[in-house]
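**Q** As a plain string of letters, each chain reads:
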Amino acid sequence: MTGRGAPPDPAKPAAPGVHPKPLWSVRPASDREAGDAIVSNFLLHWFPAKALKASLDWNYSMWLGTVSAALLLLLVLSGMPLLFLYIPSVERAYASVKDIEYVVTFGSWMRSVHRIAAHLMVAVVFLHLARVFLTGAYKNGTGRGQRREWNWVIGVGMLLLTLFLSFTGYLLPWDQLAYWAVTVGTNIASSIPFAGPKIRELLLGGRAIDQPTLIRFYVLHVIALPGLLGVLFVYHMWRIRKDGGLARADREALSGERREVPPVKTKTYTLLGIASGTSPAIRATTLEAPDATVNSVPDLTRRAAIVVLGTIAVLSILSVFIRSPLEEPANPLVTPNPAKAPWYFLWLQEIVTDTTVHIGSFTINGAFLGGVILPGLLVLLLTVWPWIDRSPAAAAGAWFATSRRTQNLVFIALALAVVLLTLVGLLCRGPYWNFYWPWEQWPEIPARI
Amino acid sequence: MRKDRREFFLRLGTGAGLAALAAQAGASLRSLVPNVSYDAPTTVKLGSPAEFPDGLKFLPDQRLFVFRDGSTFHAISAVCTHLGCTVRAEAMSQPETSTVEGAPLRLTHRFLCPCHGSKYTGDGGNVSGPAPRPLAWYHLSVAPEDGQLVVDLAREVGRDFRLMIA
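Protein sequences appear in the order of chains A and B. Everything in the first sequence is counted per my numbering, starting at 1 for the first residue and increasing by one. Everything in the second sequence is counted per my numbering, starting at 1 for the first residue and increasing by one.
Next comes chain B alone, as it looks inside the complex (with noise of 0.2 angstroms):
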């Protein structure tokens, strides 16, 4: 009898102790997951629509493709979805268009990954090397209080997606 209780308090001892450092080890790795972003903020303000040239123009620090056809605009990503590299625009020598999910889309550029070879269309579309998905498109927008053009990072779009300036 005397002899359970002996074990049964070792035992408590040792699990208490055991417990206490998984606890202590599991505090000490918490404090490493972040709980604040500082990150950019998402949406942010290109300039005037006025700015952007017809055809193509890159915004290195959102990583970002703006085109514009006239008064159409649309945005599609830089960020290579296979692991997140810039890809580099590279202009067609015969611009063409063709029907992106029902839209008609002008095609002038092609887009190629240094990393590991990813290939896509001029919307986007993966056609060859790694990369598993198309490039994100994202919504664009004017701002309602200095008619700037707005990229909106958290937000992506459909391939039919068209901003229309008037």
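Just chain A, same shape as in the assembly (with noise of 0.2 angstroms):
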């Protein structure tokens, strides 16, 4: 990209703030010409001029939300043609997705893409959030104004936005795997005490699941959810720059260790800075020196291209091996056997298997109490977290801080308890949804009744 486009005249002082450059320099002449790059490209205007070295370690944030913006980019991408190709109706929603399948050029492919995109995205973003406990980085540091406590807030929207537009999108093919799952999804509604019933109802479109129903979790799968886990994405990203970065910056800005290193030219600096000595030296914290700091281009641009383009790639080549599965056409008239979520609902398949209680005569249903409370527990714990931690702001943008072990711990033995009921939903439930061990054989079960 560089040398390409009408060179500079040196007879015309470039206006501020304007890059000469057509696109931007991957191999910036100077610190002004990486700044300006930042400044006058689109692209580029959302990240900072200059990037922290510490935060763009792939070691402490692993990329995983960048990874995840990737995903959605690419579910985007690859919904874009299947949204020419499906009919949401309930009488051909199966068979325009079976020619997406095996008759449309590339449908599977695309259809690939898309479905382990959505399975993949599900997986990072809890990673992603997993990251952001372990390392307190939902905590401020001094800066004025941060509010890491409200972005993760909105991160956890954005968990539950993924999980949801899973739900919707798995029921487009209107296979069994989908009438089942909008069973049992709105019944878990209905058992919501007094207000159950109408939310079903709501949700439904009526009181069977029919044509309404399809066409609600359609609108929900491809305009509304999608449009709000947009906004949430736009804002969590400039919160991110309001908050000064990655919560490692808090961090190095915390530690106040000062040392010395030499003056920059540009810079200007109180006399009370510099140090006393025979050589000019200014004794600066971590956070100012200039060895800290990087260009954001190329350091952090390469980064994330890297990252960016790598999600792509790994996603296109794993598509190509890895069809994407139908079950037979939806019949209300026969549920199979076991009837199965996919693995990232597994957990709460188990808890509503496991949590009916009878008290005396009275008896809670497990669609409420494992379907309903339990969630929703967990969505008010994670939500309220950054306000229950009392940790000082030196445990944030640290792995497994000493001063936040049990947090840590807690939490990792509540995602460990997730993924255990998934294993053992994903790989010792067989027909009647009783328990087998991996190495067992399933006994056999008439086809039907």
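Since the hints were made in silico from the structure, they are not lab data. Note that the Cβ used here is the ideal one computed from N, Cα and C, for glycine as well. Please note: incorrect hints may appear among the correct ones.
Not close to chain B: a few residues of chain A, all C-beta gaps over 12 angstroms, as computed [unchecked claim]:
| no. | residue |
| --- | --- |
| 1 | ARG32 |
| 2 | PHE47 |
| 3 | ALA54 |
| 4 | GLY79 |
| 5 | LEU85 |
| 6 | PRO88 |
| 7 | ARG115 |
| 8 | PHE126 |
| 9 | THR142 |
| 10 | ARG303 |
| 11 | GLY310 |
| 12 | LEU315 |
| 13 | LEU318 |
| 14 | TYR344 |
| 15 | SER403 |
Here are the simulated DSSO-like cross-link-like pairs (lysine-lysine), alpha carbons at most 30 angstroms apart as the crow flies [stated by the list, open to error]:
| no. | chain 1 | residue 1 | chain 2 | residue 2 |
| --- | --- | --- | --- | --- |
| 16 | A | LYS340 | A | LYS98 |
| 17 | A | LYS340 | A | LYS198 |
| 18 | A | LYS198 | B | LYS119 |
| 19 | A | LYS242 | A | LYS50 |
| 20 | B | LYS119 | B | LYS57 |
| 21 | A | LYS340 | B | LYS119 |
| 22 | B | LYS119 | B | LYS45 |
| 23 | A | LYS198 | B | LYS45 |
| 24 | B | LYS57 | A | LYS340 |
| 25 | A | LYS242 | A | LYS53 |
Cβ pair distances, simulated, as ranges [to be verified]:
| no. | chain 1 | residue 1 | chain 2 | residue 2 | range |
| --- | --- | --- | --- | --- | --- |
| 26 | B | ALA91 | A | HIS119 | 38 to 44 angstroms |
| 27 | A | LEU374 | B | PHE8 | 46 to 52 angstroms |
| 28 | A | TYR235 | B | GLY26 | 24 to 30 angstroms |
| 29 | A | TYR102 | B | ALA25 | 40 to 46 angstroms |
Hints in hand, dock the two standalone chains.
**A** Structure (structure tokens):
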């Protein structure tokens, strides 16, 4: 990209903020050019001109947020052609998905990109949340106006949206998985005391699962939820900039360690900042030291490009080899045996199985306790955790800070419980949701009644 | 004094604007609540009683088990009371007769749910798994005009309900 476009006319001085090159400099010749590249480029304007080296560290953030964003981009891109090919009608939805899979040129590949990206996004968004928790990155440093806790809340909302997008997405083929997932999902809503049946009716667009149901979930999947996710995503990114970058930067600022560094010619210093000695030297905090930061162009942009393009490459190749399954057409007459949810909802399926409680003659349906109350409490706990966390600000931006050991252990224990329940649902449940070890043979069950 | 008036109108305007927005949002959302239900009718003719075999017949469209013991009929719902999957009937190797709510009943099957493993006895009683309630029993009758068996899916009955056909 360097060297392309009209050469800058030396007779005309560059207007401030106007970058003389048409795209941006991959190899800027000066700090000035690197800064201009950010300011004048639409795609780059959300980056700071300088980035802290420590924040770019692969081992700190693992770039999981960027991977999530890349997956979201892929989902939008692969969703576009599917929008033209899919027909949201109970009579024709299944056949149109079957056509995408078996008739449309490259249809199977596009559907696989969409499906695998969706599955990975659930996993990566959760891992991103785990990273932020385990590094205490929702904690504010000493900066004024920081609201990292609210960006965490936005993040929890985005995880829920990701799950709801997945749910509404796998309903669209209108196959057996879809039909029975709607049945169970909306009956969970229906188990809420008093308002439940009304909520179910609102979700279904009637009292039975039919065309109004499909069109509702379709509109949610292609317009309402992606739109909301997009708004939250933009705000999430904006907040990171307003909060002063990653929490890692606060940590560097807080460490307050000063060391002597050579002065930077373009900076002005107060007399107090200049240390005594024969050659001029500056006593700077780690954050201010010129070797602590790098120009965002190209150091940050290069890594972001590696992550985004790498995600796209891995997804594209995986999708060539992994075909997307399609179950039998939706059949309200027969529930599959066993009827398993996708892996990320199996822990919920386990919980609703195990939480019906009988107290005397009084019974609480597991659908309500395990399907509404327990997951609701988990989400509530996640949401308010930054206000429960009383650890010092120095615990932010570092993996497994000792002052947050108990919190991290609680989080890991809860996450492991969810993983364990998922594994039980995935590997150890057979016909009639009976428990079988993975190496046990399932008994013969007649296909129908 | 003037400042108070300005403040009052500012608040009035803001409030009116917000109220208008809320009302329009409410109206838009209200349109999504269905006013008419095009559900299948709840009273359904099931065919002549003679077409029903002794023992159990599953009617998938109504998600209903109809039992016949000679000239006695009763009907149990196949909809699991936990989360609404269709339960499957499994014939018992040794049918047994027990007294359910004071009336004798021959139990030939038990019911199992494929979604979360609820188990029901032959009279619909929930015995294990997450099901919170027994399976529903529905009212059966004979249509006066053509003698067909009729189920009323909106009318639950007790477990001592029997339809006797002369």
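**Q** Hint by hint, which ones does this structure get wrong, listed from lowest number up?
**A** none
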